[in-house]
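Q: Those sequence lines, one after another, are chains A and B.
So the first sequence is numbered by this note's numbering: it starts at 1 and just counts up by one.
So the second sequence is numbered by this note's numbering: it starts at 1 and just counts up by one.
If you are wondering where the hints come from, they were derived from the structure by calculation, not from laboratory data.
This one's a predicted model, so the numbers in the text were calculated from it and none came from an experiment.
Treat the hints with caution; some may be incorrect.
[Unchecked claim] Below are the DSSO-like pairs computed for lysine-lysine, each with C-alpha atoms no more than 27 Å apart in a straight line:
no.	chain 1	residue 1	chain 2	residue 2
1	A	Lys-26	B	Lys-42
2	A	Lys-70	B	Lys-57
3	B	Lys-57	B	Lys-83
4	A	Lys-69	A	Lys-26
5	A	Lys-70	B	Lys-42
6	B	Lys-42	A	Lys-56
7	B	Lys-42	A	Lys-69
8	A	Lys-26	B	Lys-57
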Amino acid sequence: SQQGEEDPQALSIQEGENATMNCSYKTSINNLQWYRQNSGRGLVHLILIRSNEREKHSGRLRVTLDTSKKSSSLLITASRAADTASYFCATDGNAGGTSYGKLTFGQGTILTVHP
Amino acid sequence: EPEVTQTPSHQVTQMGQEVILRCVPISNHLYFYWYRQILGQKVEFLVSFYNNEISEKSEIFDDQFSVERPDGSNFTLKIRSTKLEDSAMYFCASGPTGGNNQPQHFGDGTRLSIL
C-alpha cells in the first residue's frame with residue numbers, strides 16, 4: 001500500500017510567508033518524520049512526531065499529527081529563500097510490532113521561496 | 001556533528017557489471033540502511049542491517065543485491081549484475097537504534113548511472 005502521500009506536490013511562496021505541507025498515510029505507525037532534501041543532496045531530518053503526540057515544534061517548524069485521519073502537516077513559518085528544498089514525510093510503520101526503523105517515504109513537496 | 005559519508009558521489013557503470021557502493025555510518029550507530037531514489041520518484045527502502053545480518057528487506061532487494069559490513073566501520077551495497085533500471089541515487093543511513101522513535105541520519109548519496 002502507498003504511504004506518506006504529500007500535498008501539494010509543489011508550493012511557491014514569497015519570503016516571509018508561511019508554508020504548509022500535508023501528508024497522508026494508510027497504515028498504523030510508530031512515528032512520522034519530516035525530512036528535507038536540497039537539490040542533489042541527502043535527506044536531512046527535521047522533526048519526528050510519535051504516534052501518541054498531536055503537535056510538536058522546533059524553531060520555525062510546527063508539525064501536527066492526526067492518527068484518526070492518518071494525516072500530518074508541516075508548517076514552516078516566516079519562510080526564507082534558504083528553505084527552498086523538497087520536503088518529505090516518512091512513516092516508521094508496524095505499530096506494536098517489531099520495527100527495525102524501515103521508513104516509507106512520500107513523493108514529497110517541492111517548496112520554492114522567492115526572495 | 002558526526003555525518004554519514006558515502007563514496008563515490010557518482011558511479012558510471014556498464015550494464016551487467018558489478019558495482020559496490022560504500023558508506024561510513026556514524027560510529028556509535030547500530031542500525032544501517034540503504035534506500036534508493038529513482039529520478040523524479042520517491043525514496044524507497046531497500047534493506048536494514050543490524051548485528052551483522054539483514055533485519056528487513058524490500059521486494060527490490062533481490063538476489064542481485066547484497067550488503068556487508070566488512071570491517072566494523074564501512075557498510076557496503078553490492079549489485080552483482082547491474083541493469084539499466086538500477087540507475088538511481090542510493091542513500092545510506094544509520095540510526096542509534098532501530099525504530100524506537102529515533103531519526104535516521106542520511107549520507108549525501110551515490111548517483112549510479114548504468115549505461
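Q: Measure nothing beyond the straight line between the CA atoms of A/Lys-70 and B/Lys-42; if it is 27 Å or shorter, mark the hint as holding.
A: holds (19 Å)
Q: Compare the distance between the alpha carbons of B/Lys-57 and B/Lys-83 with 27 Å, and conclude whether the hinted pair is satisfied.
A: holds (19 Å)
Q: Can you confirm whether the C-alpha distance between A/Lys-69 and A/Lys-26 stays at or below 27 Å?
A: holds (9 Å)
Q: Can the restraint linking A/Lys-70 and B/Lys-57 be considered satisfied, given a maximum Cα separation of 27 Å?
A: holds (25 Å)
Q: Just to be careful, I want the Cα atoms of B/Lys-42 and A/Lys-56 compared with a cutoff of 27 Å; is the pair within it?
A: OK: B/Lys-42 and A/Lys-56 at ~25 Å, within 27 Å.
Q: Against the 27 Å threshold, does the CA-CA distance of B/Lys-42 and A/Lys-69 hold or violate the hint?
A: Distance of about 22 Å is within 27 Å: holds.
Q: Check the hint pairing A/Lys-26 with B/Lys-57 against an upper bound of 27 Å on the C-alpha distance.
A: holds (20 Å)
Q: Taking only the CA atoms, is the gap from A/Lys-26 to B/Lys-42 under or equal to 27 Å?
A: holds (16 Å)
Checked against the numbered hints listed earlier, the structure breaks none of them; every hint is satisfied.
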